[in-house]
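Construct all of the structure, not just a fragment, from the sequences and the given hints.
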Amino acid sequence: MAEVFLALGSNVDAERRLRQAATLLKQGFPGIRFSACYRNPAVGFEGDDFVNAAALFQSDADIPALLERLHAIEEQCGRYRDDPKWAPRAMDLDVLLLDHRVGEWPGLKLPRPDLMRRAFMLGPAAELAPQFRHPVAQRTLAELWAALAPTTPPLTRIALDLNRVDSGDDA
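Per my numbering, the very first residue in the sequence shown carries number 14; after that it's consecutive.
Worth flagging that the hints you see were computed from the coordinates, not collected in a lab.
Using N, Cα and C, we set each Cβ at its ideal position, and we do this for glycine too.
It is possible that some hints are incorrect.
[Said to hold, decoys possible] Between beta-carbon pairs, the in silico distance windows are:
| # | residue 1 | residue 2 | range |
| --- | --- | --- | --- |
| 1 | 95 | 60 | 15 to 21 Å |
| 2 | 93 | 55 | 15 to 21 Å |
| 3 | 56 | 122 | 16 to 22 Å |
| 4 | 44 | 98 | 29 to 35 Å |
[To be verified] Distance condition first, Cα-Cα at most 25 Å in a straight line; then the derived SDA-like pairs of lysine to any residue:
| # | residue 1 | residue 2 |
| --- | --- | --- |
| 5 | 122 | 77 |
| 6 | 98 | 82 |
| 7 | 98 | 129 |
| 8 | 98 | 119 |
| 9 | 98 | 117 |
| 10 | 122 | 141 |
Structure, rendered in structure tokens:
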């Protein structure tokens, strides 16, 4: 079993879509845990604010199968593979870390290259597993977050708690 760190984000009916994604992720990955949810401005384009969170779960799926499952969840939440890159997102699920694997696979580079410079990814991931050591930087997520946090606008926490979403809710 591998530990999977996942970033979740949406800026299209964000809270509803994140609840939907959490429900689907809980059905597919028992034991999944979610960070708090944070509101932040869109990056790379003008648009509504995003709501972002991170998730941590165990999976024995190989990388292609894992990505296929995550893409299917994105699609159920209104995201399609041919959506423009820098545009509003109904749902974005990005693998940040997969245990301590380093490398490139079709559709995935590990660790995620922008993890250490995107507060909306690193902060929530550090919240879930502060002592996890980044496989390239060789520093803990807490150490990386402590270095990045003072250089970025603070994350704005919202009341949405994805850990309290019932896995039996209508997805």
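Hint numbers the structure violates, sorted upward?
Going through the list in order, the structure violates no hint and respects every one.
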